[in-house]
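Here are the chains, one letter per residue:
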Amino acid sequence: MFDDMSPDDLEYVGKKAGRPDMLEKLTGEATFVSDMSLPGMLHVQLKKSPYARARIKGVDVSKAAAMPGVRAVVTGDELDYHIGLYIVDKYILAKGEVRHYGEAVAAVAAETIEQARAAVEAIEVDYEPLAPVLHHMDALKPDAPLVHPDLGTYSYIEAVFTPKPGTNIANHTKLRKGDVEKGFAESTYVVEREYSCPSVQHVPMETHVAIVQWGRGDKVSIWTSAQSPFTVRNLFCHAFGLPHINVRVQIPYVGGGFGGKAGIGVEPLCAVLSRKAGGKPVKFQASREEEFSLLPCRSALTYRIKTGVSAEGKILAQHMTMYWDSGAYADYAVNVTRASGYSASGPYEIPNAWIDAYTIYTNKPYGTAYRGFGHVEFHWAVERHMELVATAIGMDPLAFRLKNALRPGSVTLTGEKIVEHTGDVVKCIEEAARRVGYGQLTEAEKAREKQTGWKIGKGVAALQKAPAMPSYTATAVVLKMNEDGSVLVNLALTDYGQGTYASIRQIVAERLGFPIEKIKVAFENDTDRDPYDWQTVASKGLLLSGNAAILAAEDLLKNAYAVAAEVLHANPRDLAHDGTRVFVRHRADQGVSFASMAVGFALPNGSGVGGPLIGVGRYIAQGLSNLNKETGEGNPALDWTFGAHGMVVEVNEETGEYRVLKIASIYDVGRAINPDIVRGQAIGGMMQGLGTAICEGYIYDQQGRLLNPSFTDNKIPTAKDLPLEVECAVVETPQVDGPYGARGVGEHSMISVAAALGNAIQKATGAEITHMPMRFEDVWRAIRDKEPIDNWITKSPIGSCRSVPEARPRS
Amino acid sequence: MRIKLTVNGLIYERDCIEHKTLLRFLREDLGLMGTKEGCGMGECGACTVIMNGRAVNSCMVLAVEADGASIRTIEGEAEGPSLSDIQRAFERNHAVQCGFCTAGMVMSVKELLAEHPKPSADQVKEAIEGNFCRCTGYTQIVEAVLDLTGSPEKKGELEHV
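The listed protein sequences derive, respectively, from chains A and B.
Mapping to our numbering: the first sequence position 726 is 736, numbers consecutive.
Mapping to our numbering: the second sequence position 139 is 155, numbers consecutive.
Misleading hints may appear alongside valid ones.
What the hints assert, rightly or not - Calculated cross-link-like contacts (lysine-lysine; reagent style DSSO-like; alpha-carbon spacing at most 30 Å): (1) K170(B) with K456(A); (2) K171(B) with K25(A); (3) K36(B) with K26(A); (4) K26(A) with K134(B).
It should be emphasised that the hints constitute simulated quantities derived from the structure, not laboratory data.
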């Protein structure tokens, strides 16, 4: 099934192929939930908290309920549903207490959006403001207020997570490998540093939006801009105690997700309003401000790393403590903590490791999955740390990386042995370095320095990630043959821009041996019609669904051959096929067309053979296991995708301004099924990573109010932020259990971009930046060893950047 | 207020409340849903349309201001049943991922090419600077435009090590 085929034997896999969704998207005909409306549909507006933490003493909706056009008003008090993916800790609307700025307290559904807005204005909420706990490090103090005093009563997935009732710790992941104390004792150098990054927003161009109709007999229809139809349905049914058969989730085209739409979002809110309005369909679309403050963001992180190194530069021991800021609810953040915990060292072998990773509740908008699932944040720390440790012990950072990189025979933090076909991080690092001319400046670069007065620096950073998913994650693909012999592909893995459907289409065409024009992947997803898929997350889609697609194609052919054998009076073993017919190998003129068999073959006398041709492929992750909760031992990784970036930057030391001259990104993708799509993922993720590296981040005032919930104050990169030169290349060490050797790469492009930039800036200027983003003023300050600017949470700085003289080598 | 305007060559006459934006008018009154709203504040460019030859953020224009104007939207871009040159170049160069910014992006490129039939890469970047795209990282969009105009600037490819 996953044979290592040479590119010459392949017709579509690895070759250029278009995307099946282009026409609809380029003409404006693709329908997003934003574009949908249903007869009698109501529109929603929300009353939101101006406080980060407050007791709700009363909500008066009497005036609002009596206003023109208003069909339903709901408050948290009347809703007793808890929602949660891993820890069930969130109400649909705040109840008793608000836990973050911008949290919804009451909702109105009215005939027009203006009427809903006017009604929301008329809702009066009586708050008793309480002191919020804003910084996650403050939340660990013994006297910190508890964001969830009832944590001990919440249900959660016990095999995987460990909440600490009576504290703000939503999860504690532990990993213990080897003997850390011994490792440190044998070390020549010990270097300890702390790194951090703020919360950031995914910024899908289409904000969260859903339409829900709670029909008679508790039959619920949901149209939503979400990544995972079956997860929306499952969590929805759990929250409301409904049978799964009652709920149908449909997902048309989706305007970006990046993890922010991975789980359940605004669907339950629309549902309770629809139910209260007598079953009218109800639509809620988040405003851009709500996307920042009501909907989830990426968790902030503080990461302390202490590393012991031998005289030869080999890491002997590493002590790692991650403090993840979950915000007000756990959502995906607890699993980010788990996944980051077992991957915490990056692609390096650490013989003796001690890891504690905490998810910490605070009174801020909550954290969720975001492209890279924690790896962007902690690789910022790990790959800056590798640079700083190397600098501190007087070793070249590239040589230090290569000395410690995972190789065949290395053992990961969880005890997994790296083998030849796991992937080749060494090759990725070396290639990234080569492409930026690491270690020296070219004559042209020297001339440029002289001409501009700006300093040029080059940095490298490596990366790794495996899908973070349940050990038994499964999916299915169904192929249905049409009357003309063309094939429809149904799957519930969604394609919200990644291009996975283009690759699935190539795989199906390849395995069937059909012209690709005959293959259609159905874009709108529907839990009533598509086979199950867990979620569209984790860079697992191509591997799992690609394998299921291969199996489905084989099943379809097997079924077609069975009919053909009967029709042709031949043994199925003697049959072969091309793109239009099945024929007898030794008498090729004797054949039967797929079209004639597609919906049942009619013999000359009219009697039927076979039936509609369908192929089913099911695939489940194999050989994975839950991690031991005390030691972290186990096998969590479906596949490891390794990579590295090389970066060239020029910095104006007078002003702190900088410009990225070049980035070269290398990934070991196993096999690039569609090179243009791999490149699109590589550059798109790189720019998203660059955005968080150069400017993005949530800024709060001392009361916990989000100060920059808009594009005016929270910029994302534009075309003018592109590096002058962008190169992408792939290493192809086939994944033995991947479709045609492929492994996922959707998230990886965003990982380590910031660290590569920080490393290049350090090479250019010596500035030891440990907090991202690296705004120009941060670089200016770091160059001068200044104190950080105190403006991420104004009262309790998590700092920007500075040199830490005390973290010098110990001999 | 009664307004009359031309959209994609067709004349529309409608009553319109004064505070309705051109974006909402196109979507809600004319059913032209191809133009998207990304922020509603004139920052992201998803709602870009061509108004009297200029690319504008239609969320920042009142429909009544467009009285008498000539508007082009993504729905008028294809030439009959076949895609326009710009659309075909986007298709060829994988310049679309989720597709939500695409309509606005195509409109900004259309304005650029009307003024500069042979733009440089920098001119393309300048022209689409007001159009946010979170998916593509812009490179394949810039390449699509340069491919269309026959620019000698080298197009990137995924390389194999």
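For each hint, the structure was consulted:
no. : hint                 : verdict
1   : K170(B) with K456(A) : holds, 24 Å
2   : K171(B) with K25(A)  : holds, 17 Å
3   : K36(B) with K26(A)   : violated, 45 Å
4   : K26(A) with K134(B)  : holds, 27 Å
Comparing the model with each numbered hint stated earlier shows that hint 3 is the single one that does not hold.
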